[in-house]
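Enquirer: The primary structure of each chain is shown beneath.
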Amino acid sequence: MESATLTDRERTEPPRREPAVPNCVIGTILFVGTEIMLFAGLISAHVIFMSERIGELWPPPGQPRLPFEETAINTAALMASGIVLAFGRLAYNQQPRRALLPLGMALALGMFFVGFQGVEWVGLIGEGLTLQSSTYGAFFYTIVGAHALHAVAALICLAWAWSRLWRGTLGKAHFDSVQIFWYFVVLVWPVIFFQVYQ
Amino acid sequence: MADASVTTVEGAVEHHAHEHHGPQGILKYIWSTDHKIIAMQYLFTGLFMGLVGGLMAYVFRMQLAFPGISVPGFGVVSPHEYNALVTNHGSIMIFWVAMPVLIAAFGNFLIPLMVGADDMVFPKINRLSYQVFFVSAVLILASLFVEGGGFGGAWTAYPPLSAQGDYNLSSLGATLWLIAVALEFIAFLLGGINFITTMMNSRAPGMKAYDIPLVCWMIVIASILFMLSVGPLIAGAIMLLFDQTIGTGFFDPARGGDPILWQHLFWFFGHPEVYVVLLPALGITIDIVATFSRKKVFGYKIMLYTVVATGVLSFFVWAHHQFIAGIDPRMANVFMVTTLLISVPIAELCFVVIATLYGGSITLNTPMLWALAFMAEFLLGGVTGIFLGATGADIYLHDTYFVLAHFHYTFFPIAIIGTFAALTYWFPKMFGRMMNDTLGKIHFWGTIIPFNFIFIPLFVLGLGGQHRRIYDFQNFPELAAMQPFRVFATMSLIVMLLFQLVFFYNFIQSLRKGPKAERNPWKANTLEWTTESPPPHGNWPPDQLPRVYRGPYEYAHPDREEDYWPQNLPA
Amino acid sequence: MESLIQQASSYAGSIDGVILLVGWIVGFWFIAVEGIFFWLIWRGRAKPGVKSQYITGKEKHLKRWITWPHALVLVCDVFIVIGAAKVWYDIKLQLPEADSTVRVIGQQWAWVFQHPGMDNELDTADDIFTTDTLHVQNNRTYHYRLESRDVLHDFSVPVFRLKQDAIPGRSITGWFRPTVAGTFDVQCAEICGIGHGVMGGRIVIEEASEHAAWIAQNSTSAQ
Amino acid sequence: MRRLKALALALAALTAFPGFASACPMCFDPSAENRMAFLVTAMVLTALPLGMVSGVGLWLRRRIRKRDRTD
Numbered sequence: 103m104e105s106a107t108l109t110d111r112e113r114t115e116p117p118r119r120e121p122a123v124p125n126c127v128i129g130t131i132l133f134v135g136t137e138i139m140l141f142a143g144l145i146s147a148h149v150i151f152m153s154e155r156i157g158e159l160w161p162p163p164g165q166p167r168l169p170f171e172e173t174a175i176n177t178a179a180l181m182a183s184g185i186v187l188a189f190g191r192l193a194y195n196q197q198p199r200r201a202l203l204p205l206g207m208a209l210a211l212g213m214f215f216v217g218f219q220g221v222e223w224v225g226l227i228g229e230g231l232t233l234q235s236s237t238y239g240a241f242f243y244t245i246v247g248a249h250a251l252h253a254v255a256a257l258i259c260l261a262w263a264w265s266r267l268w269r270g271t272l273g274k275a276h277f278d279s280v281q282i283f284w285y286f287v288v289l290v291w292p293v294i295f296f297q298v299y300q
Numbered sequence: 042m043a044d045a046s047v048t049t050v051e052g053a054v055e056h057h058a059h060e061h062h063g064p065q066g067i068l069k070y071i072w073s074t075d076h077k078i079i080a081m082q083y084l085f086t087g088l089f090m091g092l093v094g095g096l097m098a099y100v101f102r103m104q105l106a107f108p109g110i111s112v113p114g115f116g117v118v119s120p121h122e123y124n125a126l127v128t129n130h131g132s133i134m135i136f137w138v139a140m141p142v143l144i145a146a147f148g149n150f151l152i153p154l155m156v157g158a159d160d161m162v163f164p165k166i167n168r169l170s171y172q173v174f175f176v177s178a179v180l181i182l183a184s185l186f187v188e189g190g191g192f193g194g195a196w197t198a199y200p201p202l203s204a205q206g207d208y209n210l211s212s213l214g215a216t217l218w219l220i221a222v223a224l225e226f227i228a229f230l231l232g233g234i235n236f237i238t239t240m241m242n243s244r245a246p247g248m249k250a251y252d253i254p255l256v257c258w259m260i261v262i263a264s265i266l267f268m269l270s271v272g273p274l275i276a277g278a279i280m281l282l283f284d285q286t287i288g289t290g291f292f293d294p295a296r297g298g299d300p301i302l303w304q305h306l307f308w309f310f311g312h313p314e315v316y317v318v319l320l321p322a323l324g325i326t327i328d329i330v331a332t333f334s335r336k337k338v339f340g341y342k343i344m345l346y347t348v349v350a351t352g353v354l355s356f357f358v359w360a361h362h363q364f365i366a367g368i369d370p371r372m373a374n375v376f377m378v379t380t381l382l383i384s385v386p387i388a389e390l391c392f393v394v395i396a397t398l399y400g401g402s403i404t405l406n407t408p409m410l411w412a413l414a415f416m417a418e419f420l421l422g423g424v425t426g427i428f429l430g431a432t433g434a435d436i437y438l439h440d441t442y443f444v445l446a447h448f449h450y451t452f453f454p455i456a457i458i459g460t461f462a463a464l465t466y467w468f469p470k471m472f473g474r475m476m477n478d479t480l481g482k483i484h485f486w487g488t489i490i491p492f493n494f495i496f497i498p499l500f501v502l503g504l505g506g507q508h509r510r511i512y513d514f515q516n517f518p519e520l521a522a523m524q525p526f527r528v529f530a531t532m533s534l535i536v537m538l539l540f541q542l543v544f545f546y547n548f549i550q551s552l553r554k555g556p557k558a559e560r561n562p563w564k565a566n567t568l569e570w571t572t573e574s575p576p577p578h579g580n581w582p583p584d585q586l587p588r589v590y591r592g593p594y595e596y597a598h599p600d601r602e603e604d605y606w607p608q609n610l611p612a
Numbered sequence: 118m119e120s121l122i123q124q125a126s127s128y129a130g131s132i133d134g135v136i137l138l139v140g141w142i143v144g145f146w147f148i149a150v151e152g153i154f155f156w157l158i159w160r161g162r163a164k165p166g167v168k169s170q171y172i173t174g175k176e177k178h179l180k181r182w183i184t185w186p187h188a189l190v191l192v193c194d195v196f197i198v199i200g201a202a203k204v205w206y207d208i209k210l211q212l213p214e215a216d217s218t219v220r221v222i223g224q225q226w227a228w229v230f231q232h233p234g235m236d237n238e239l240d241t242a243d244d245i246f247t248t249d250t251l252h253v254q255n256n257r258t259y260h261y262r263l264e265s266r267d268v269l270h271d272f273s274v275p276v277f278r279l280k281q282d283a284i285p286g287r288s289i290t291g292w293f294r295p296t297v298a299g300t301f302d303v304q305c306a307e308i309c310g311i312g313h314g315v316m317g318g319r320i321v322i323e324e325a326s327e328h329a330a331w332i333a334q335n336s337t338s339a340q
Numbered sequence: 003m004r005r006l007k008a009l010a011l012a013l014a015a016l017t018a019f020p021g022f023a024s025a026c027p028m029c030f031d032p033s034a035e036n037r038m039a040f041l042v043t044a045m046v047l048t049a050l051p052l053g054m055v056s057g058v059g060l061w062l063r064r065r066i067r068k069r070d071r072t073d
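Respectively, the protein sequence lines represent chains A, B, C and D.
Taking my numbering, the leading residue of the first sequence gets 103, the next gets one more, and so forth.
Taking my numbering, the leading residue of the second sequence gets 42, the next gets one more, and so forth.
Taking my numbering, the leading residue of the third sequence gets 118, the next gets one more, and so forth.
Taking my numbering, the leading residue of the fourth sequence gets 3, the next gets one more, and so forth.
It cannot be assumed that every hint is accurate.
Unchecked claim - In silico DSS-like links for lysine-lysine, alpha-carbon gap of 30 Å or less:
(1) C:164 - B:482
(2) C:180 - C:168
(3) C:203 - B:564
(4) B:564 - B:482
(5) D:68 - A:274
(6) B:69 - B:165
(7) B:564 - C:175
(8) C:177 - C:164
(9) D:68 - B:342
Hints were generated in silico from the structure; no laboratory data involved.
Generate the whole structure from the sequences, applying the supplied hints.
Expert: Structure follows, in structure tokens:
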């Protein structure tokens, strides 16, 4: 077994055609597809929950109203970050280092979103809305929390992409993967916003 | 229990020790990213869990046949232990046996070899997948020994029973069970990403979509189905976990939740899951049938399109598990139509396999016997499903032993027969030695005959009104009279379990002393047979990766003297 | 079916009819397919020097051996759907006028039955509550209101071919009409915890006079 | 294609079969919103994965075709 002693680096890559879509892009798309289904499950649970609350006092007595207006500003920030990132991708196509600014801006806007969201949570907990306080609160924290976790994970990916870009080692495929993941976080938010904060 | 499964993994590693001369010792195999070693890890963990699941069946079947006796090797079965045993038997057999062995083990072993790649595209994610799976297996076994005992709310885990410790009296067991299931899903998500991407991007030069062996297609389609259906259940699992641990009320009607909601989320996954495990087993069967009848598969594209149709339809049928669960009764007939429609592609799949036999030159050795048995037995499982899909009949048959016998007639061929078929067929490639055919046949008949004797009586019991998950039927005067059927089924089970010893003996003996296997002992066409047995790290020498010139099933081609035509031979 | 378990409700016969209809259709398919399957194995067993045939599955005259049975399966499905949907419609979507109404309450791990008293109306002072035994009168149409106090249960009376899940927080209405006097099993057919295995009850179907006597005796004693 | 169309028609005809729109005396408190919610979420959950698969599948096919042309 001579080849068993070869390390991965020593093995020359076989002559293969360039795949039509790079591995990591396909991997990310598959992962995002599963995540979309996860959120579809959470949101449909909420739709059914709300349909059973028709005619009841809303929000439930003793529970605060969700800050729709403030979160609308936050939503706008997140959308803006998505748009900026799209410009970043165009800039990258011309010259990679030109994407540094838009990518950084998208990152900053994303961080603003998560930070603002955290401040809001602190406020809501202060007003008596917690996971245990009511099923209303439980749904809010579960769905928005799941989104926040994904947002944080995507931000880490964005930061990683930015540092790779800074060092000039960010490949197109990696940029695409990070972009797809961030777009998932951005685009699933309006659905959550209009369903949960309504 | 947890210790035992650790040994299994190390046992898997030892079988490979002879191949390895690297400096890092045994750790290299535990932390290996080689798809073949990860496949072995999945295989041996899966087989070990299968043994655990089988022994659980032994314990509760003994209780059913002889209520109240002290079961040899276990002791008296309490009602709670009975519930925990049946629940975990179901969960383990589906999530820790059928899926890891059929999808993860054979998917990992076969996909790179069959498409001519040197490894998976994301080897580290692959390794992570097994590690997560291993943790989940340890957790499910540990859940049986915690305070309060294992979870006993059935594998469907319907709330409110599963949601509150006050109701199920085993809150820790229930939580561990749920976490284990969720982790197992994550492991298969990671695996699925790998399978799909590898098959798309790492194919050998010249290999077109229709040159891929059907078993690879099946595993990949199963992975796609799994990944699309599992999301809602993970969402449900998170909500259920919160209900269990921090006292939210998602599924608690008293707090505005809805118990039916869980059933929707569960069965949205639960039904496609049946096809997730069916497809790989079907792929294995069709590959073996083609090889040993020396026939081209009858209509490769028909098969592929039919499978896609099955996958699509499987998303439309889930509510047939809930006909009498309090869903809108008007919905029921719609779901009956979709459910019965699925019989059309499934019947077509069976017809294709059978048509492949036509005009063949059939050798009945062990793998072929298993593959044919899969068809013969699965057919009974398939047709009995029609009774349950028909709304009018399901009012009576729902949750009886008829259901139980029906899905064992589907899952046993899938998980057990499919596994043995694949294991005996690819054993030479996996371990480089041939298995003993005579012992294999003894094991085959010793498994198949008792299997039918276990479950045919259960059909009768089900039609007689016996419902599921009861630890002692003496409490029901009308059911008590049918005791001889239960005793007969239990006796058959014991016979079947004893015959598994033949398999273990054969397996270990062949591993040690079996005759060395050549590269292509079955004279098959697919690419995995063109490398050494067992394949080296990297599968082929780096400069000799195969090129593909034709489809995988060119047996008895009129232009060629030999009756097989490997995919990699230039014309 | 009758030989395995008695039919004791007005719709037991039609449910058994569907089971038989499906049984005949799939029985035919099962035997035909298994027969062809084993015949092909027997016919195709390897003989020295004989090469297998090269068939791609694109040949028209062979392909119809797949497409015709395939169409036939669809036709059989239509028959099954029509048969089953009709029975489902009669039992689950139609609610005949009730002669009387009972309430069935599942809880861990017993059945509580609430019978109307002398006035034949539920939720009045003379209601009769029993545990694990339901008394009904033969040849009378009953509505049941099915409720649960804790987890899911399932009210199942095999001789009636009746089965319905009980869901906490909801009240589900259904009906039955006994046709045979006698005492039969009531089961809980949805796992409900440790005591699921002992959560059986009995249903006592009495003729009019007996039932009236039982009602009279119990509602007076309740007051 | 013709067979597919016939199948779709048969499916549509069968689902319309008995009394789908009839009143439902046995339904638990049939609040129209709740019933719609179940129906809509069921349809979304069913359509979403199929839509995603076919979307991604078609996109991949186009990419592969495009690459094969440039090769």
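Enquirer: None of the hints should be skipped; say for each whether it holds.
Expert: Each hint, compared with the structure:
1. C:164 - B:482: Distance ~20 Å between residue 164 of chain C and residue 482 of chain B Cα, so the pair holds.
2. C:180 - C:168: Between residue 180 of chain C and residue 168 of chain C the Cα gap is close to 22 Å, so the pair holds against 30 Å.
3. C:203 - B:564: violated (54 Å)
4. B:564 - B:482: holds (21 Å)
5. D:68 - A:274: Holds, at about 18 Å.
6. B:69 - B:165: Measuring from Cα to Cα gives roughly 13 Å; hence the hint holds.
7. B:564 - C:175: Satisfied, since the Cα-Cα distance of roughly 25 Å is no more than 30 Å.
8. C:177 - C:164: Roughly 28 Å between the alpha carbons, so the hint for residue 177 of chain C and residue 164 of chain C holds.
9. D:68 - B:342: Since the Cα atoms of residue 68 of chain D and residue 342 of chain B sit roughly 24 Å apart, the hinted pair holds (cutoff 30 Å).
Hint 3 alone, counting from the list given before, is not met by this structure.
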